[in-house]
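Colleague: What follows is each chain in one-letter form.
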Amino acid sequence: MPLAAHATSVPVIVDDAKCIAAKGCTVCVDVCPLDVLAIDLVKGAAYMKYDECWYCMPCEVDCPTGAVTVNIPYLLR
Amino acid sequence: MSAPKTETIEADVLVIGGGTGGPMAAIRAKEANPALRVVLLEKANVKRSGAISMGMDGLNNAVIPGYATPEQYVKEITIANDGIVHQKALMAYANGSFDMIRYLDKLDVKFEKDGAGDYAVRKVHHMGTYVLPMPQGHHVKKVLYRQLRRLRIGVINRYMATRLLTTADGRVGGAIGVNTRTSEFLVVRAKTVILACGAAGRLGLPASGYLFGTYENAANCGDGHAMAYHAGAELANLECYQINPLIKDYNGPSCAYVTGPFGGYTANNKGQRFIECDYWSGQMMLEFWRELQGGNGPVFLNMTHLAPETVGEIETILHSNERPSRGRFHAGRGTDYRNKMVEMHISEIGFCAGHSASGVWVDELARTSIPGLYAAGDMASVPHNYMLGAFVNGAIAGEQAAAFCADIDLPDADADAIAAEQDRVLAPTRREDGLSPYEVEYKTRRLVNDYLAPPKITAKMRLAQERFAEIREDMDHLVARDPHELMRALEAQSILDCADMAAAASLFRTESRWGFYHYRVDHPDTDNANWFRHTMLYKDANGAMAHRTRPIDPYVVPVDATEMTAYQSLRIAPIAQAAE
Chain V
436 MPLAAHATSV PVIVDDAKCI AAKGCTVCVD VCPLDVLAID LVKGAAYMKY
486 DECWYCMPCE VDCPTGAVTV NIPYLLR
Chain L
481 MSAPKTETIE ADVLVIGGGT GGPMAAIRAK EANPALRVVL LEKANVKRSG
531 AISMGMDGLN NAVIPGYATP EQYVKEITIA NDGIVHQKAL MAYANGSFDM
581 IRYLDKLDVK FEKDGAGDYA VRKVHHMGTY VLPMPQGHHV KKVLYRQLRR
631 LRIGVINRYM ATRLLTTADG RVGGAIGVNT RTSEFLVVRA KTVILACGAA
681 GRLGLPASGY LFGTYENAAN CGDGHAMAYH AGAELANLEC YQINPLIKDY
731 NGPSCAYVTG PFGGYTANNK GQRFIECDYW SGQMMLEFWR ELQGGNGPVF
781 LNMTHLAPET VGEIETILHS NERPSRGRFH AGRGTDYRNK MVEMHISEIG
831 FCAGHSASGV WVDELARTSI PGLYAAGDMA SVPHNYMLGA FVNGAIAGEQ
881 AAAFCADIDL PDADADAIAA EQDRVLAPTR REDGLSPYEV EYKTRRLVND
931 YLAPPKITAK MRLAQERFAE IREDMDHLVA RDPHELMRAL EAQSILDCAD
981 MAAAASLFRT ESRWGFYHYR VDHPDTDNAN WFRHTMLYKD ANGAMAHRTR
1031 PIDPYVVPVD ATEMTAYQSL RIAPIAQAAE
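Chains as they are written, first to last, in this note's numbering: chain V, 436 to 512; chain L, 481 to 1060.
Calculated directly from the structure, the hints in this document are not laboratory data.
By construction, the Cβ of each residue, glycine as well, lies at the ideal position given by its N, Cα and C atoms.
It is possible that part of the hints are untrue.
[What the hints assert, rightly or not] Pair by pair, the computed Cβ-Cβ distance ranges are:
{"#": "1", "chain 1": "L", "residue 1": "G650", "chain 2": "V", "residue 2": "D450", "range": "54 to 62 Å"}
{"#": "2", "chain 1": "V", "residue 1": "D497", "chain 2": "L", "residue 2": "K590", "range": "17 to 25 Å"}
{"#": "3", "chain 1": "L", "residue 1": "M1044", "chain 2": "V", "residue 2": "A442", "range": "51 to 59 Å"}
{"#": "4", "chain 1": "V", "residue 1": "T461", "chain 2": "L", "residue 2": "K940", "range": "40 to 48 Å"}
{"#": "5", "chain 1": "V", "residue 1": "K458", "chain 2": "L", "residue 2": "E487", "range": "24 to 32 Å"}
{"#": "6", "chain 1": "V", "residue 1": "D497", "chain 2": "L", "residue 2": "G743", "range": "29 to 37 Å"}
{"#": "7", "chain 1": "V", "residue 1": "A452", "chain 2": "L", "residue 2": "D816", "range": "26 to 34 Å"}
{"#": "8", "chain 1": "L", "residue 1": "T990", "chain 2": "V", "residue 2": "L476", "range": "56 to 64 Å"}
{"#": "9", "chain 1": "L", "residue 1": "Q945", "chain 2": "V", "residue 2": "A442", "range": "33 to 41 Å"}
{"#": "10", "chain 1": "V", "residue 1": "D497", "chain 2": "L", "residue 2": "R1013", "range": "45 to 53 Å"}
Produce the entire structure from the sequences given, and follow the hints as far as they go.
Modeller: What follows is the structure in structure tokens.
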């Protein structure tokens, strides 16, 4: 069976202006228990790659520049 | 097909799971013998993994001199579990509880103390006093991590253990793991293995439908239960599900343990109390369910009567520890504790000894039924052990493993078993199309809700087994397009194993016990004559799921028959309610 590509909103938002991934920071990616964040190498910023969030907040709390915001996933809100 | 990239390392003690019990097991094994090669393998990153990713707001089962004795605690937990406990393991925990608190205190974990510097213990349980708040408990993982570094324990992050290695003579021989970002393999040949993989928290589907909106850290999906099962270990009392009273939709604790000592309480839609005690037990959950069924629902946590200063203090604790995003959730719905009760509901099912009583069987020395294999924390069978139990039992496992491996040689690795496991793991990466891990997981968990959640009905559970057998065939069509999806595909297989175990264990025990956790409509009575025993589930020589019972070991703390029913009368009597 072929797979569909389907769109979903993601709860974790990264402020590209504050994110210092371009300088080598990977803190939010490192601490995520579900491993759902990644670095966009073109933009030089972190982003939520997989919509599999436990809204636990280490990415937000541990971010050195306050670039990350964890929202409650829409289905739960 | 070329051989997958594989690295092999050796260890004296391999700990699988870097959440709570796992780090403590590694720490204590290394402290017991600094010459040992201790390896801690973690699917995520030890810094923030496991149930206490964001810390914990209190110890729920502290046995502190002056407030409780180990004997009182063992008795209370025996009663709360309708007698089905291995008391020696409870006693080992209770005896180690205070020493562990002082050890954690020394490592700089902050506990609430009174003006005299004594621990400020609170009462939440039905009988005794065991709750020690940790208003600054958000730093627990940092403290553990610091100690792991200090002791130079080998931490390997982002490897998911998939199967245990065993020897021809039935010992454990290590484990095989796969990197969740590269799909490269790691074989750890080890003299001893400690499983600390947490709860099977992704078993039922949350009512929200969001796969990861679970009570437990969603990474804790029953990998440990599945690995133990496939290695031949016995799992105990799996029919004693974990079902929790949680914030509706958010699916996290609301949390009565924190708010209760301040005066918060569980109420029905009339704002009335209906249970005497908010301590999580199967009996309490049964009353909660009855209240919902009886038309008095929803059930709420009420703090509207508390002074604003008190509510402020509660908010500080609840919105910075354990599940801090609950503050954000309440804000989104306009719920202010001062003027609106918090809507609660009954969670989906899971396996978790932290709150109920099921898991991989361990004795008082954290030993499983396989020599050299230990287990601790939410996945091991010590009832109601919470975070402090994971620490204490993890410590016991670490010390025992350190002693055990002193006298044995490193087992040989079975190359055929490793190759077969690599084929199983990589199968979803070798397909062009088929089923995504997400739809397979969703369907499994939706069926768990439909057919396995209590009230348990025999005919429904048999249907569940038919559907699960079909999904097992569907696993041959799983597709993973990258290493991350492969991790989810492997997890989906662990989840199906746990679903099958939940059905089989629930069908085996033909009585009702533990309140709502094992309420069987076709067998509504508790049958002590036939079922005052542990149930043990295991994989037999033919690879089939099998059961036996295990007698309850003689109690080390006698419990009078009149005391045994204390948790069965949690509902507030109608007369008392009318008088309110």
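Colleague: Now tell me if each hint is right for this structure.
Modeller: How the hints compare with the structure:
The hinted range of 54 to 62 Å is satisfied by L/G650 and V/D450, whose Cβ atoms lie roughly 55 Å apart. Taken as a hint, the range 17 to 25 Å holds for the pair V/D497 and L/K590, whose Cβ atoms sit roughly 19 Å apart. The hint said 51 to 59 Å for the Cβ distance between L/M1044 and V/A442, and at roughly 56 Å that hint holds. Judged by the Cβ atoms, the range 40 to 48 Å given for V/T461 and L/K940 holds: they are separated by roughly 47 Å.
As the Cβ distance of V/K458 to L/E487 is approximately 30 Å, the hint placing it in 24 to 32 Å holds. Take V/D497 and L/G743: their Cβ atoms lie about 34 Å apart, and the range 29 to 37 Å holds. Distance hint for V/A452 and L/D816: a CB-CB separation of about 33 Å, consistent with the stated range 26 to 34 Å. Hint check: L/T990 to V/L476, Cβ distance near 59 Å, so the stated range 56 to 64 Å holds.
Evaluation of the 33 to 41 Å hint for L/Q945 and V/A442 yields a pass: the beta carbon distance comes to about 36 Å. Distance hint check for V/D497 and L/R1013: the Cβ-Cβ separation is about 47 Å, which falls inside the suggested range of 45 to 53 Å.
Every hint from the earlier list agrees with this structure, and none is contradicted.
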